[in-house]
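*Asks:* So the chains spell out like this:
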Amino acid sequence: MSRRPEPVQVVKERRDAALAALAGSIPYAGFLGIRFERMGDELTALLPYDEKLIGNPVLPALHGGVTAAFLEVTAIVGLAWTHLWEEIESGRIDARHLGAENLPALPRTIDFTVDYLRSGLPRDAYARATITRSGRRYASVRVEAWQDNRARPHAQAVGHFLMPAREGRKAP
Amino acid sequence: MQKPSQQEKTAIARAFTEALPHCRALGMEMLSVGEGEAAIAMDYDPRFVGDPKTGVIHGGAVSALMDTCCGAAVMSHPRAPSITATIDLRIDYMRPATPGQKIVARATCYNVTRSVAFVRAVATDEDESRPVATATGTFTADHALAARHGEEKP
Numbered sequence: 001m002s003r004r005p006e007p008v009q010v011v012k013e014r015r016d017a018a019l020a021a022l023a024g025s026i027p028y029a030g031f032l033g034i035r036f037e038r039m040g041d042e043l044t045a046l047l048p049y050d051e052k053l054i055g056n057p058v059l060p061a062l063h064g065g066v067t068a069a070f071l072e073v074t075a076i077v078g079l080a081w082t083h084l085w086e087e088i089e090s091g092r093i094d095a096r097h098l099g100a101e102n103l104p105a106l107p108r109t110i111d112f113t114v115d116y117l118r119s120g121l122p123r124d125a126y127a128r129a130t131i132t133r134s135g136r137r138y139a140s141v142r143v144e145a146w147q148d149n150r151a152r153p154h155a156q157a158v159g160h161f162l163m164p165a166r167e168g169r170k171a172p
Numbered sequence: 173m174q175k176p177s178q179q180e181k182t183a184i185a186r187a188f189t190e191a192l193p194h195c196r197a198l199g200m201e202m203l204s205v206g207e208g209e210a211a212i213a214m215d216y217d218p219r220f221v222g223d224p225k226t227g228v229i230h231g232g233a234v235s236a237l238m239d240t241c242c243g244a245a246v247m248s249h250p251r252a253p254s255i256t257a258t259i260d261l262r263i264d265y266m267r268p269a270t271p272g273q274k275i276v277a278r279a280t281c282y283n284v285t286r287s288v289a290f291v292r293a294v295a296t297d298e299d300e301s302r303p304v305a306t307a308t309g310t311f312t313a314d315h316a317l318a319a320r321h322g323e324e325k326p
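The listed protein sequences derive, respectively, from chains L and C. Quick note on my numbering: the first sequence kicks off at 1 and runs consecutively. Quick note on my numbering: the second sequence kicks off at 173 and runs consecutively.
Because the hints were derived from the structure by calculation, they are not lab data. One should not assume that every hint holds.
Anything over 12 Å on all C-beta distances counts as not near chain C; from chain L, calculated [stated by the list, open to error]:
{"hint": "1", "residue": "K12"}
{"hint": "2", "residue": "F70"}
{"hint": "3", "residue": "R123"}
{"hint": "4", "residue": "R128"}
{"hint": "5", "residue": "Q156"}
Across the chosen pairs, the derived CB separations fall in these ranges [what the hints assert, rightly or not]:
{"hint": "6", "chain 1": "L", "residue 1": "E42", "chain 2": "C", "residue 2": "G322", "range": "44 to 50 Å"}
{"hint": "7", "chain 1": "C", "residue 1": "H321", "chain 2": "L", "residue 2": "G24", "range": "22 to 28 Å"}
{"hint": "8", "chain 1": "L", "residue 1": "M39", "chain 2": "C", "residue 2": "R302", "range": "21 to 27 Å"}
{"hint": "9", "chain 1": "C", "residue 1": "D264", "chain 2": "L", "residue 2": "M39", "range": "29 to 35 Å"}
{"hint": "10", "chain 1": "L", "residue 1": "G24", "chain 2": "C", "residue 2": "R196", "range": "23 to 29 Å"}
{"hint": "11", "chain 1": "L", "residue 1": "V11", "chain 2": "C", "residue 2": "H321", "range": "54 to 60 Å"}
{"hint": "12", "chain 1": "C", "residue 1": "R302", "chain 2": "L", "residue 2": "E101", "range": "58 to 64 Å"}
{"hint": "13", "chain 1": "L", "residue 1": "R152", "chain 2": "C", "residue 2": "D299", "range": "58 to 64 Å"}
{"hint": "14", "chain 1": "C", "residue 1": "P271", "chain 2": "L", "residue 2": "K52", "range": "19 to 25 Å"}
{"hint": "15", "chain 1": "C", "residue 1": "D299", "chain 2": "L", "residue 2": "V8", "range": "40 to 46 Å"}
{"hint": "16", "chain 1": "C", "residue 1": "G272", "chain 2": "L", "residue 2": "V10", "range": "32 to 38 Å"}
{"hint": "17", "chain 1": "L", "residue 1": "D148", "chain 2": "C", "residue 2": "S301", "range": "43 to 49 Å"}
Ideal Cβ placement from N, Cα and C applies to all residues, glycine included.
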């Protein structure tokens, strides 16, 4: 038995709508100007340069807190996206009617450790998160941020997150 | 150039932090700084919210506050140069900050070696008995770099 595959445009619209709803639901990410680009289920976070992101105006360099926040937003959205992806692809959540009010609860940060590898230059930054462990209750995420050169990250981080209780999941 | 006096270092740390564009964007207010200790406040702002369902401030905004406060504590330390950069910073989130309340970070630079400054910090909201977050970090204490910028070794 074979099912006709969905038209590519329908699939793309569903996934892009879900990502837009998720990324748009975090006011602080909007304040910093963070955006997300998607290739399949892989996300890349973008932080376009802005004067208000500068810490040291003499160098000038991005504020360490901006880099930390960028990495943490990337980790949280990355985690939430992985779970949202399963929900929308299985049809349990309808991406067309996804808003801040009916999005699944976001993971909560337990701890977050940032290594500052190089000074953040006054230009755009990018980041990608890797989920190293995703359990029912706890998740571990690694994030890397870079600017001009992907091989020379300016910061990396590891964090632990508390996952929201999900409906319809069996106790272990 | 002479090594700056403690009062001058405190003034430098305060002026420097207040001149940082991102600290202004977050509305940070230096409450006190000197002798390796610093306290900085950040008012609640709906733009800094991490989860609109709860109205809780995003961890990233708390990180920015902690990083600034730790850096100011290092710069004001008698044995540290007044130029520093974060090497690493770990934040532990104890509980969500209560929406609507100001967050205050207090940092202590408790040791400075020839090249590294060690810092810890606590952030609280109005209930000061229950910390919102704690931080531990290491910062550069590059005396050679400071000397190139005209500062004498302490």
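*Asks:* Is 58 to 64 Å respected by the C-beta to C-beta distance linking R302(C) and E101(L)?
*Replies:* Between R302(C) and E101(L), where Cβ atoms are some 30 Å apart, the hint is violated.
*Asks:* Take a look at whether the Cβ-Cβ distance between D299(C) and V8(L) falls inside 40 to 46 Å.
*Replies:* At roughly 53 Å between Cβ atoms, V8(L) and D299(C) fall outside 40 to 46 Å, so the hint is violated.
*Asks:* Verify that the Cβ of R123(L) lies farther than 12 Å from every Cβ atom of chain C, and report whether the claim holds or is violated.
*Replies:* The assertion about R123(L) holds, with a minimum of 15 Å to chain C.
*Asks:* Does the Cβ pair E42(L), G322(C) satisfy 44 to 50 Å?
*Replies:* holds (48 Å)
*Asks:* Confirm or reject the claim that G24(L) and R196(C) have a C-beta distance inside 23 to 29 Å.
*Replies:* holds (26 Å)
*Asks:* Is the nearest CB of chain C more than 12 Å from the CB of F70(L)?
*Replies:* violated (7 Å)
*Asks:* Starting from the hint 58 to 64 Å, judge whether the C-beta atoms of R152(L) and D299(C) obey it.
*Replies:* About 43 Å separates the Cβ atoms of R152(L) and D299(C), which means 58 to 64 Å is violated.
*Asks:* Starting from the hint 29 to 35 Å, judge whether the C-beta atoms of D264(C) and M39(L) obey it.
*Replies:* holds (34 Å)
*Asks:* Using Cβ atoms and 12 Å as the threshold, tell me whether K12(L) really stays out of contact range of chain C.
*Replies:* holds (26 Å)
*Asks:* Holds or violated: 32 to 38 Å for the Cβ distance of G272(C) and V10(L)?
*Replies:* This hint is violated: roughly 43 Å between Cβ atoms.
*Asks:* Kindly confirm whether 22 to 28 Å is satisfied by the beta carbon distance between H321(C) and G24(L).
*Replies:* At roughly 43 Å between Cβ atoms, G24(L) and H321(C) fall outside 22 to 28 Å, so the hint is violated.
*Asks:* Given the hint of 54 to 60 Å, check if V11(L) and H321(C) actually sit that far apart at their C-beta atoms.
*Replies:* Between V11(L) and H321(C), where Cβ atoms are some 56 Å apart, the hint holds.
When each numbered hint is compared with the structure, violations occur for hints 2, 5, 7, 8, 12, 13, 15 and 16.
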